[in-house]
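Asker: Letter by letter, the chains look like this.
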Amino acid sequence: MKFTPNIFILLIIAIIFNSCEEIMNLKTKDIESKMVVYSYLTNEDSVVVVVSPSSSIFGNSPASKYALDAQVMVSVNGTEYQKMTRNDHHNTYKPIDSLANAFVYEYVPQSGDMLSFIVEDLSSGTTLTAETTIPAKPQFEIELVGVDTIKYYNGLIYKDYYQPRFRCTIHDPARDKNYYAIEYINHSGRKSINNVYSEDPIFQNMTEETYFLSNAFFNDMLFDGQSYSFEFSFENSENARKEVGKDIYTIVYGRVRLIQLTEEMYLYFSSSHEALNHRGDLFSQPQQLYTNIQGDGYGFVGGAYHAYSDTLEYYFKCQK
Amino acid sequence: MTALIRKISSIVIFALTALEMAGQVGDSTALFRGSLDAALVSAHNVIHSNTSKIFITPLQIKITPSIFGEDDPMKIVLTMPGVQNNGEGDVGISIRGGDTDQSLISLDNVPIYNPSHLKGFVSSFNSDIVSGIDIYTGAFPAKYGSRLSGIVDITSADGDMKEYHGGITVGLLSSKIHIGGPIVKGHTSFIFSARKSYFPLILGRIYDRILDGGMYADRFSEIGYYDINAGITQKIGDKSIISLKFYNGDDIINIVPAEDKINSVIEKDTLKITRSGSKNEEKWGNTAALLRWQYQNNNLASSTYSYYSRYGHHTLDGTNTMEEYRLAERDSFINSFSEESSVLRKSGIEEYAIGSDIILSSVANHSITFGGKFSYQHLSPIISSTRTRNFSYAWKDDESEITENVFGAEYHLFTASIYGEDDISIGEKWNIAAGLRLTGYGMHNKFQLVPEPRIRGAFFITPLLTAKASYSRMSQAIHQLSSSNIASPSDLWVPSTASLPVMVSNNLTLGLWFENEYDKVYISSSIEGYYKTMKNTLDYLDGISLINQSNWEESVAVGRGRSYGIELMGKVKYKTLDASISYTLSESVQQYDKINKGEWFFANNDCRHNLFVGISYSPFRNFVISSSFYYKTGRRITISDLVIKTPYQLHQEMKPYYTSPNGIDVIWVLYNTYNYMEKNGYKMEDYHRLDLSFDYSIPHRKFGKSNINLSFYNLYNHLNPYKITIAEGGPNGFTVKKLCIFPFMPSISYSFEF
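One line per chain: the protein sequences are C and V, in this order.
For the first sequence, position 306 (counting from the first letter as 1) is numbered 306 according to my numbering, and the numbering increases by one without interruption.
Offset between the second sequence (1-based) and my numbering: plus 1000.
These are calculated hints, taken from the structure and not from any lab test.
Note that the structure is a prediction, hence the values are computed from the model and not measured.
You may find that some hints are simply not true.
Taking CB as the label site, the calculated pair distances span [stated by the list, open to error]: (1) V:R1621 with C:E21: 40 to 46 Å; (2) C:R165 with V:I1252: 31 to 37 Å; (3) C:Q226 with V:I1354: 43 to 49 Å.
Just so you know, even glycine gets a beta-carbon here, dropped at the ideal spot from N, CA and C.
Please work from the sequences and hints to get the whole structure.
Answerer: Right, here's the structure in full:
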């Protein structure tokens, strides 16, 4: 028999094409439940703190009553601590989770405010503390560039998606490290936040997998103290399309929200972003979520300033 | 008898040390070989007067079963006690619990900063040019420095001064060629080897199926590597040799985007066509060059050298957009605008060094070694540059505009070291080597002097049994920052700075050696214990992503570590049967004030049990069967086992169902995010596999010989986990799956040598 390399390679491939993935046993650990404190403070909403218990991914954490037995105190700009109200009844500020509770303080923070928190669990005596500030208002302008048509193969046919593209110009203050995030608030129908994406170098932390995440955050490393313009777009929703006779129009109706972040907030987003990137890839070094909670617990308390563009309203005639 | 051994030992110690300094000169430079061969045959125990030292021969490399038909020198290194990596796909080597950056991997004593191709598939070293490998896992002679945990020095062969030799090998992964011989017979020789891979051709398609994601053959337009080695050796009289050696190896992964975007819109009478595409490229490679002068007379051997070594890595993410305008009705060209933008991230390290090592044996019972070295290292951990090129074309009027931004810091590190060591024979039973190495590090506005005492001793209990002990202090001023728990080509080399002190280790070893030859059966065995402490080690802080940090110094924590273990090794040789076994029981832990809440945790390379058994047998002439069995405790991993409920405002993956920017009807939807409780708190399944290899040589009557190698990697197809994933579901509420990248792999290679 004449032996040829091709036959041998085919033999190799046939042998190798067995499954290389299978279920394995992993010795799990019991994880103690601890108190988790989260708050996202902005210049346009009252102070809300959410308290919940942590649990184990393996489902072996004992039940905890942290959320029910917690007491939260807040101090604004060093004034006396005030007890925050637990929101038991109304839907506003009510976390959609049976093990969590929201605590409300009816005060809308302003730029420069420093807020300090003390969270106590009355049953266990655990005390957590945290503080943050509200950053300054960011200065920026938005102008329309055009609408991109993205041809996307959905597995069956090619479809067109329309992505309005804008140019954002930020006026970055000098001698400060500044941190930002940008979002598009769609006002067509129900208000929603559209995912923003950009290929500008300032979004160097973005990867293909995380292109369409909210909180497209960035820092001023490339334009410190200067005015800087970058383009971004977003995938317009289905209800932003309208057929008029033989024509199809895509509608832009909304506002761009530029968020100024504290450095801690930026670090939190960075770590959250990395954790998300590495999720399911345990081969990678996992990321611990950044925390500024002091004490035996978890969570994050961060401040941000929300600034908005004027309402953008455009109709684009698209090819059918 | 003891006196005879001592006499032989003094010859062999001198000859071996000279051989080390000379870099294992090849056949052409048989300068030291006269007294050496006979001594090596009759004084096995003397060879081991250095504790924690291992020497690997080219024959060992050749007979050990290979993967994809590649004889890989570094895979053999990993079978030695105290030496390991974090499994398949790991480019680094960990010695006695040290991090991978604490092992000096060198070619002819020139550091090779990334010793692998294809992200750990194969090493950077072509077995065709390897004439030996020296491994030091402890008890470091004063000559060696700059790394905390170990030395792996690969010695390349010189060309034959009398005859031409060469060969060609064809394998599944790559093909290679080597040739060497005299330029001027008896005076000047050359050697050259080259290797080139063709991964996508065969293995890429196999891996495409294994990994089930179109990751390799379909998406990678280019993935592969090459390397070349070249050398010229010149004899000057009977006492001097000058060598010039060169190595270069590069890797590339070039990703083709899954889709390009095309947009055509009619605005008034104009048809606007927009085309956009992208490019992702990753390249890395080493370059090394060495110029060396070796001299020897009856009482003195010296090696004076100068070398250059470079490692570079870069990733390029580029996009291009072209807008073309045409008259819609006539489809005629009006003008076009194009924009190309790219982000290039580069990191690298360069080293220039000059030094000299001298051995004096003119004083009875003393072998005195001394020398010095000066090196300059240029490190560029993260240099990012953005480039935008705008180009417009309208018939004959075209304009081009280029905008470039570069940011990142570069570092300069100067290292000067001098050393001296005396190897003394005291009486009939004692041998002690004591030395001191003084190393000065010059960093930005800072100078740090580190004294590194070294002492090792041997006591000949009987002619066949030797007890040995050693202490050595080592220092290191460069670190490798890794974003995963295995070494990767993209890891950053960073220096010690004013705020990050030089790393220092203390190594203590104690052991017993036994060797005997009885009725043609040669037996050797050893047991060695070690204890090592390391301080000023570096690791990324929790929750820090380096890519977002303009200053890496703010992203790392300084910590400490310790490791300890017991190593057993046994060898038996009878006629054409060779068998060896090595076993290591060890533990390695680390502590950083700012990582893992300041608590001690198991190091990435912690491995409780590590076992290797190797057998080779030649039943008849030109035919060798060899088999190897590997077992080691599963790799340490960190699992994000802690579930924390996060409001959507702070959650990056989920979008809210709806929201109002004016503070009305805000519902705090909570999503799960995941943290880890303990760094490296879990371990994967244990690793084990059996390999089998058949090697058959066919001498040709007229010219050369052919060699066919048939290897079976992972013979019983144990799926050793490369990575694991955890998903919800299953009887326990979750399911853990493992993915194996090296299942049962048969391979064949053909080589022709002359």
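Asker: None of the hints should be skipped; say for each whether it holds.
Answerer: Hints and how they fare:
no.: 1; hint: V:R1621 with C:E21: 40 to 46 Å; result: holds (45 Å)
no.: 2; hint: C:R165 with V:I1252: 31 to 37 Å; result: holds (33 Å)
no.: 3; hint: C:Q226 with V:I1354: 43 to 49 Å; result: holds (45 Å)
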